[in-house]
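From first to last, the protein sequence lines stand for chains F and R.
So the first sequence is residues 1 to 330, counted in the numbering used here.
So the second sequence is residues 1 to 330, counted in the numbering used here.
Just so you know, the hints here were simulated from the structure itself, not pulled from any lab data.
Fair warning: there could be bad hints in the mix.
All copies of an identical chain are treated as equivalent in the list; a pair is satisfied when it fits inside any one copy or across any two copies.
Pairs of lysine-lysine, DSSO-like flavour, derived with a Cα cap of 27 Å [what the hints assert, rightly or not]:
| # | residue 1 | residue 2 |
| --- | --- | --- |
| 1 | LYS52 | LYS296 |
| 2 | LYS278 | LYS264 |
| 3 | LYS240 | LYS258 |
| 4 | LYS330 | LYS296 |
| 5 | LYS173 | LYS314 |
| 6 | LYS278 | LYS330 |
| 7 | LYS275 | LYS173 |
| 8 | LYS53 | LYS314 |
| 9 | LYS52 | LYS314 |
| 10 | LYS311 | LYS52 |
| 11 | LYS275 | LYS87 |
Since the structure is predicted, the reported quantities are computational estimates derived from the model, not experimental observations.
Below are the chains, spelled out letter by letter.
There are 2 protein chains.
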Amino acid sequence: MSFPLRGHALYPAKGGAEMDIAQELLNGSRLALTRAITAIENEYDEATDIMKKIYPHTGNAFVLGITGPPGAGKSTLTDKLAREYRKQGKTVGIVAIDPTSPFSGGAILGDRIRMNGLTLDEGVFIRSMGTRGSLGGLSHKTADAVKAMDAFGKDIIFVETVGVGQSEVDIVKAADTTMVVLIPGMGDDIQAIKAGILEIGDVFTINKADHEGADRLVTELNMMLDLDGVMKDWRPPIQKVVANQGIGIQEVIAIIDKHHSYIKGNGQLAERRIKRTKDEMLDILNSRIGSYITEKIVDTGIIDDFVRDIKARKTDPYTVAAGIMHDILK
Amino acid sequence: MSFPLRGHALYPAKGGAEMDIAQELLNGSRLALTRAITAIENEYDEATDIMKKIYPHTGNAFVLGITGPPGAGKSTLTDKLAREYRKQGKTVGIVAIDPTSPFSGGAILGDRIRMNGLTLDEGVFIRSMGTRGSLGGLSHKTADAVKAMDAFGKDIIFVETVGVGQSEVDIVKAADTTMVVLIPGMGDDIQAIKAGILEIGDVFTINKADHEGADRLVTELNMMLDLDGVMKDWRPPIQKVVANQGIGIQEVIAIIDKHHSYIKGNGQLAERRIKRTKDEMLDILNSRIGSYITEKIVDTGIIDDFVRDIKARKTDPYTVAAGIMHDILK
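Whenever a hint applies, use it, and build me the whole structure from the sequences.
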């Protein structure tokens with residue numbers, strides 16, 4: 001595959017000096033970082049080369065996952081936390097995922113506009129990612145975007161996503177520490193949402209804590225965590241905040257730091273990262289094999305013959321799959 | 001793998017007559033249908049055999065997907081629609097998916113309790129499905145559960161899921177017609193949610209239409225659909241309902257029937273089903289290859305050596321994946 005954007009302003013035209021994206025990224029070029037993530041997001045051929053080259057320089061950043069239902073104020077909270085970390089002299093990367101629009105492609109950028117002040121800060125790099133039409137693969141792309149920011153030298157990287165379904169949970173797995181943001185008055189299905197995210201939250205934040213029902217939500221959540229946490233040695237703290245007024249931000253930072261020290265001290269951070277490396281490797285392998293199958297079975301049209309026979313009920317998908325397995329595996 | 005539940009009340013103990021689940025299902029045994037879906041859900045070995053045997057008897061049911069954000073009243077609406085179809089003499093299957101709890105396993109059954117009246121009706125078969133700890137694969141399991149109900153002889157099968165993220169969209173692909181349920185007053189992020197589900201909805205229902213903001217939601221949705229639908233020949237209708245009072249149910253049924261006739265008449269139903277068969281086959285193939293990899297690389301512990309080298313930055317996941325590909329593919 002040739003490079004679709006060759007000739008575009010961001011990419012030197014033929015005859016111009018080719019940019020070594022990985023090297024420039026490691027040298028601290030923001031343009032190279034932008035291009036690296038674009039390559040990752042669009043699955044350009046060079047993405048793998050870039051990842052291979054930057055990989056030895058990853059593993060230094062602290063990755064904070066932020067998830068919660070739509071409308072919980074995650075962007076505002078991320079904004080405030082990022083500013084606080086900047087005050088401490090830390091550099092910040094933000095990967096904002098919007099998996100709600102799987103078909104139309106591109107992230108909803110409205111929320112990001114609120115972060116305008118941050119984008120003027122050279123110490124902050126913000127990137128929104130959508131699924132851009134390609135179904136699946138978002139968790140893998142997110143993990144690679146985090147690695148690009150990590151190799152670039154960011155001290156702390158936020159991964160922000162709307163957390164209700166499975167894909168969002170997968171995305172949050174790229175994080176060392178996961179913060180779940182909830183708000184009072186979320187209606188009937190809060191039980192269902194809470195049940196799902198209870199197990200992924202290391203830290204819970206109740207945003208809009210000045211609204212009615214905040215204390216009741218804290219009580220409910222405490223009950224659920226007590227029930228859930230009998231066998232766990234880290235009891236996720238719950239912190240009330242009013243993100244848009246900056247209330248409770250310092251306290252959240254302290255809790256995040258505490259969790260970070262905790263998992264660093266007892267070996268859990270190393271364990272989580274080994275688990276993550278394993279999952280990532282299997283993910284890459286599965287996606288490569290998927291491409292191989294597409295190339296051999298789908299692009300060649302072989303699959304259409306199979307589908308015709310299945311449709312006529314001459315065979316079934318299970319028998320066909322077994323046959324293909326036999327044909328392609330050693 | 002042996003049958004984990006052998007000896008359980010549902011499964012005859014050693015020496016007892018083995019039930020031919022597929023045959024009994026085709027003969028109309030509800031117990032066999034229950035056991036078939038349990039086998040599908042838990043990935044028991046015999047699931048594939050059952051699916052192979054029942055496959056020739058599938059393709060007759062009309063499959064209606066119902067999705068929408070948490071709290072939209074999807075269960076109540078499903079309940080009312082099911083009762084209406086029963087009055088028409090049609091048999092009904094309901095697969096209710098709860099993907100919000102990926103780790104704890106099992107579906108939240110609270111909503112289903114409201115359907116108690118329905119469960120007493122022999123013409124209705126209801127099954128809740130969660131992810132039961134195994135990540136992913138839910139869309140494939142859902143499709144197989146639908147096929148089991150289809151082969152059993154159900155005329156219309158509902159697939160009900162909480163639709164916000166990617167996994168829910170994948171699940172809804174098992175449907176011939178997809179209905180999206182929205183409610184007024186959903187807060188700031190309704191734009192994001194609507195953008196995602198706009199493209200999967202064949203029919204839109206505004207539930208709780210007696211609440212404030214219903215007309216504004218209809219207007220907004222109309223604008224979005226007009227914008228989106230320029231090139232489409234089916235303009236998704238919007239129907240206001242108050243599901244718990246039974247208001248608007250007849251109208252929704254009429255719209256669903258209209259869409260069904262429409263896609264049947266112009267060949268779209270056949271096209272959708274061919275596309276679905278193709279996707280399903282690839283899904284089965286990918287999942288089988290995934291199991292093969294687990295068996296060869298993970299269960300043998302080979303992966304741990306790789307991960308150690310990656311962690312030491314002696315290699316990277318991309319290089320390792322390429323090496324494994326080379327080793328296992330013909």
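Problem - Violations among the numbered hints - result: Violated hint (a single one): 11; every other hint is consistent with the structure.
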